[in-house]
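With the hints as a guide, bring both chains together as one complex.
Heads up: the protein sequence lines correspond to chains A and B, in order. If you count by this note's numbering, then the first sequence holds residues 1 to 364, one letter each, in order. If you count by this note's numbering, then the second sequence holds residues 365 to 623, one letter each, in order.
Please keep in mind that the hints were generated in silico from the structure rather than gathered at the bench. Some clues are possibly wrong.
[Claimed, not checked] Stretches of chain B that chain A covers, calculated by requiring three or more beta carbons in the stretch to come under 8 Å of a beta carbon on chain A:
1) 405 to 415
2) 438 to 444
3) 520 to 526
4) 565 to 576
[Stated by the list, open to error] No farther apart than 16 Å at their CA atoms in a straight line, the calculated lysine to aspartate or glutamate pairs in the EDC-like style are these:
5) K488/B - E508/B
6) K605/B - E562/B
7) K118/A - E84/A
8) K125/A - E84/A
9) K118/A - E86/A
10) K596/B - D366/B
11) K125/A - E414/B
12) K93/A - E414/B
13) K125/A - E86/A
14) K94/A - D304/A
15) K94/A - E417/B
16) K94/A - E323/A
17) K596/B - E562/B
18) K94/A - E414/B
19) K93/A - E322/A
20) K93/A - E417/B
21) K93/A - D419/B
22) K125/A - E147/A
Keep in mind the model is a prediction, meaning the values are calculated, not measured. We put the beta carbon where it would ideally sit given N, CA and C, even for glycine.
Here are the chains, one letter per residue:
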Amino acid sequence: MSTVPEWLTDERESAALASMLSPSSSASLEALAAESKAITLRRFGRTISLYAPLYLSNHCSSGCIYCGFASDRTTLRRRLEPDEIERELIAMKKLGISDILLLTGERTKAADFDYLRKAVEIAAKRTQKVSVEAFPMSVAEYRTLAECGCTGITIYQETYNRERYEALHRWGPKKDFLDRLETPARALEGGIKTVGLGALLGLSEPVEDALMLYRHARHLSRTYWRAGISVSFPRMRPQTGGYEPPFPVDDHLLARIIFAFRIALPDIELVLSTRESAAYRDGMAGLGITRMSIASRTTVGGYDDNNTDKGQFDVSDDRSAEEFCAALRAREIEPVFKNWEPVFNGPSGTQSRTVIQEEMHSCH
Amino acid sequence: MDSLQLGSYSFTSRLILGTGKFSNARVMLDAVRASGTQLVTVALRRFNREQLEDDLFGPLSQLPGITLMPNTSGASTAAEAVRAAHIARELSGSPFIKVEIHPNPQHLMPDPIETYEAARILAKEGFLVMPYISADPVLAKRLEDAGCASVMPLGSAIGSGQGLSTSEMLGIIIRESGIPVIVDAGLRSPSEAAAAMEMGCGAVLVNSAVAVASDPPKMAEAFAGAVVAGRKGFNAGLMQKSGSAVATSPLTSFLGAKA
Ligand code: SF4
Chain A
1 MSTVPEWLTD ERESAALASM LSPSSSASLE ALAAESKAIT LRRFGRTISL YAPLYLSNHC
61 SSGCIYCGFA SDRTTLRRRL EPDEIERELI AMKKLGISDI LLLTGERTKA ADFDYLRKAV
121 EIAAKRTQKV SVEAFPMSVA EYRTLAECGC TGITIYQETY NRERYEALHR WGPKKDFLDR
181 LETPARALEG GIKTVGLGAL LGLSEPVEDA LMLYRHARHL SRTYWRAGIS VSFPRMRPQT
241 GGYEPPFPVD DHLLARIIFA FRIALPDIEL VLSTRESAAY RDGMAGLGIT RMSIASRTTV
301 GGYDDNNTDK GQFDVSDDRS AEEFCAALRA REIEPVFKNW EPVFNGPSGT QSRTVIQEEM
361 HSCH
Chain B
365 MDSLQLGSYS FTSRLILGTG KFSNARVMLD AVRASGTQLV TVALRRFNRE QLEDDLFGPL
425 SQLPGITLMP NTSGASTAAE AVRAAHIARE LSGSPFIKVE IHPNPQHLMP DPIETYEAAR
485 ILAKEGFLVM PYISADPVLA KRLEDAGCAS VMPLGSAIGS GQGLSTSEML GIIIRESGIP
545 VIVDAGLRSP SEAAAAMEMG CGAVLVNSAV AVASDPPKMA EAFAGAVVAG RKGFNAGLMQ
605 KSGSAVATSP LTSFLGAKA
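Looking at chain B on its own, in the form it has when it is part of the complex (with noise of 0.2 Å):
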């Protein structure tokens, strides 16, 4: 079975889900169960216990066969992003735990220096950590050799919509990785969620793509189908691009057979 492994736990969909920016909880629910994820992101800041119809955890930790993810979207320091993964483990009861540290509310590029303090705090911990990063190699490996179950770096700026335009800092990040690298931020189309399960991702997170299209549920059976379409290609062996043709009459004839 080809499934996606972070820590004990393993799942069959390599699609994960965001979910703070939907139109509403009842459009967010159909897209989830529409994608067949299992395991859903959501954060902290928007579980609303005393507000229920303004709660995302809520609904979501009713759904059979979801795993939740929390996120410390709004943390600024890796004490904050620790102090909201103990709450948010109180609350969920799920032991994953996505570090998402923006220097400040608004500007959500993840904060490197802070993600991996807290990622190897939290690591400690026991609880599976899955850090927000920029492309960037040498943080991964570094949050890998901390503990971390996976790593997520994003495709491009969030909520961008300009897909792998970190292909290439991606495509080294896979190929040195021993965790799951799963994609996050910035996809726009199915097309790009396939590639980069093409490239050898583990997963892809998918938020603004789904929650913004006209049709979420329709959006998230199409990513859906993308995720599976491309880990089949990978899985298959994609042929080798080359980067000039190859001659019919081959350049080293002259060489005579092989002996």
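Bound conformation, chain A alone (with noise of 0.2 Å):
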């Protein structure tokens, strides 16, 4: 494939999403976000589930322009060895965290599949849910993950602007804009459950990119009927490249991205990070933010040494998981650590009919 697909950009996918983005538009933001907060109560309750990053590895073979982790940075590389994984596993466990995102860059002989694969086998034995960011993998490799434990992908396309993806991603793996955007099919059809998409605010014209993501989501759901979506909205933070964001993203604009897409999707999870500050959050949860992530280190090893130097992003909001908690609750929200049985792991997909004829033969 060497063109844009025809369902990112055809515009009557996403035409009540543009209007409800348009600088036009009737709708005042407190009236989305009143609409967008009914639709979370009714659909997700007073609740935020909760999940934390651990960044596996910092070794990059990508030159993304906005990246601290770039392979041309002076960061000092490294990666958790199989010990090292266990007591980082270990102390999230201390703060309750049962749901975590494994990170890595782009693929290199520090951080290859195989690395990955064993971080997976690792995390999966010792917590509830294991999911992954990392770069982009074949279809059975997802699959080899997905029987690892492994019960969702995160990538982002960081933009979906095709000039503005050439521009800033100055080499490497990443470079292949076309891949990238394939890649969550892939992992859909390898067995991954969910999938994680978004934009990083910031790189290009917001809502351009937003509703792209928007048609890309919308294509997913359509096209591989068992999957669970979530969409993030990260906004640029100060990095250790120090590269300014061309499109800065206000707190206005963020906002009415997330009530939009809430408002149009009304089933999945809309996700926010610590790159936000404290008050952003506290505002956000139960407005359409159903999914948050907490006591963040974005540094390689940041939890059991509670390392706390610069890592990939600066973290804004640097609450400990009991004062990021007991704020949530003083807004009548429950925190919820545990939202997943690992029982449900394993591959999700058709594979389901002959596992069961086996069972029903083994119960008569």
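Next up, the structure:
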């Protein structure tokens, strides 16, 4: 595939969202907030599910202009060895975290597929729910990860504007726009249950990116009807590389985008990370967002040794897990640490039929 | 005594409460108490043995007079639901299992094929199986034949608050069913619960409508009253609805007196 697929550019699909995001929209932010809140309450109740990222490695072969881990940065490179991963997981468990997102950069010798698979295996033994945010993989590799207990992958397109994408991704495997665009579909083909999508707001015209992100989500949910889809709204934060976002997104626009997504996609998880300030996260809780990260360390090995070096990006909400949960509770929202059962781990998909037939025979 | 019979268990309350959406455990417990319910569903995925302040099962299991019905929410296949049911029974000791199988963790429409498979296996194993299904009359009969203790068709999409938008199909399910029909999902107001009971439902299950109310315990109490009123109405025999007014001079008077 060398051209952008039609589903990404079909404006009819996202007309309702476009009208909510248009500068001339008749809906006030307040009206959108009220509707978004009502939908969120009905569908998800007064709860927010919590997860935390675990940075496994900051080795990277790509040259994304906006990232502190790009291969031309002088950042000290490091990866966690299995015993260190265990220690991190134990430290995270002490904080109550049972839903973990494992992160690495682009594929390198130091952190390749085998390394990642082992990390998933270790994490799946120690925690309830494991997702991965790493390099694009093949269908077979995703199937292996699913079999090892990985239930979700996150892969941000960063920007859906192809020209901007070319300019921002200076070298490395990540430069392949279309390959990245197809990655969530490959993960779902491989039996991964949920995919997390997102655009790094600030890299390109944000409303245009939001509309294409929406079309991506709709395309996937229509094609893979078993797929769980979540959408994140990361805004660019100061990076180790010192890159300034060319299209800064202010608080109001971000809020409008989040409310519009909730109204247009009432069933999906909308995620907000610790990139955002404490005040913004508290305010957004229950207004549309249903999933948040807590106590994040964006350095490799930040939980066990309490390493507070600069990570991939600055954390803005640096409250402890307890502080953050207390703030949620004060807003009458229940922080949910465990919202999954490991018994549901394993690939999704069609192979369930044979499994069931075998089980039925065994219980006759 | 007009009680709800599920397997060998009988309940005087016909209101079942869901638990996953409350702002905290205290409010949830207050609502459960205020509802007078005797049967409460709780998701296995919200059992947290490692972090008790996050655990829903522990506090619920301490409530006197409450039977717990674990549910398999999160399962996307029959095999997963069966495994979840085994773990739930082990942990809770309850023979009840609400089979909830969503094709994926977020899309909450029940999968009829996987649900049927799981229900059949679990009923054979002696569980009191309560399958959550779409309002499909044929599926409901198939599940009854498979040995389920009840069927739990949705009133409307979960969390939609659209009430009894499936009422036409619910009417057929109720008319044909030999096991209790419990309306699950979609109810917004006590009057809708009363309407479901007037139709002849065995019970209703409510979660969002109570959890999201400004005063959940008060709303739970309101639902309890509505369920009682609706059931009384059903038992008393509602007057027939008439499609057209009955003329004061009957149209058939020319036929003369019947012999
Ligand atoms: S964004 Fe990812 S791929 Fe790009 S340089 Fe950073 S770690 Fe590497």
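Outcome of the hint check:
| no. | hint | result |
| --- | --- | --- |
| 1 | 405 to 415 | holds (count 7) |
| 2 | 438 to 444 | holds (count 7) |
| 3 | 520 to 526 | holds (count 4) |
| 4 | 565 to 576 | holds (count 4) |
| 5 | K488/B - E508/B | holds, 12 Å |
| 6 | K605/B - E562/B | holds, 13 Å |
| 7 | K118/A - E84/A | holds, 13 Å |
| 8 | K125/A - E84/A | holds, 15 Å |
| 9 | K118/A - E86/A | holds, 11 Å |
| 10 | K596/B - D366/B | holds, 10 Å |
| 11 | K125/A - E414/B | holds, 14 Å |
| 12 | K93/A - E414/B | holds, 9 Å |
| 13 | K125/A - E86/A | holds, 10 Å |
| 14 | K94/A - D304/A | holds, 10 Å |
| 15 | K94/A - E417/B | holds, 13 Å |
| 16 | K94/A - E323/A | holds, 15 Å |
| 17 | K596/B - E562/B | holds, 8 Å |
| 18 | K94/A - E414/B | holds, 10 Å |
| 19 | K93/A - E322/A | holds, 13 Å |
| 20 | K93/A - E417/B | holds, 14 Å |
| 21 | K93/A - D419/B | holds, 15 Å |
| 22 | K125/A - E147/A | holds, 13 Å |
Checked against the numbered hints listed earlier, the structure breaks none of them; every hint is satisfied.
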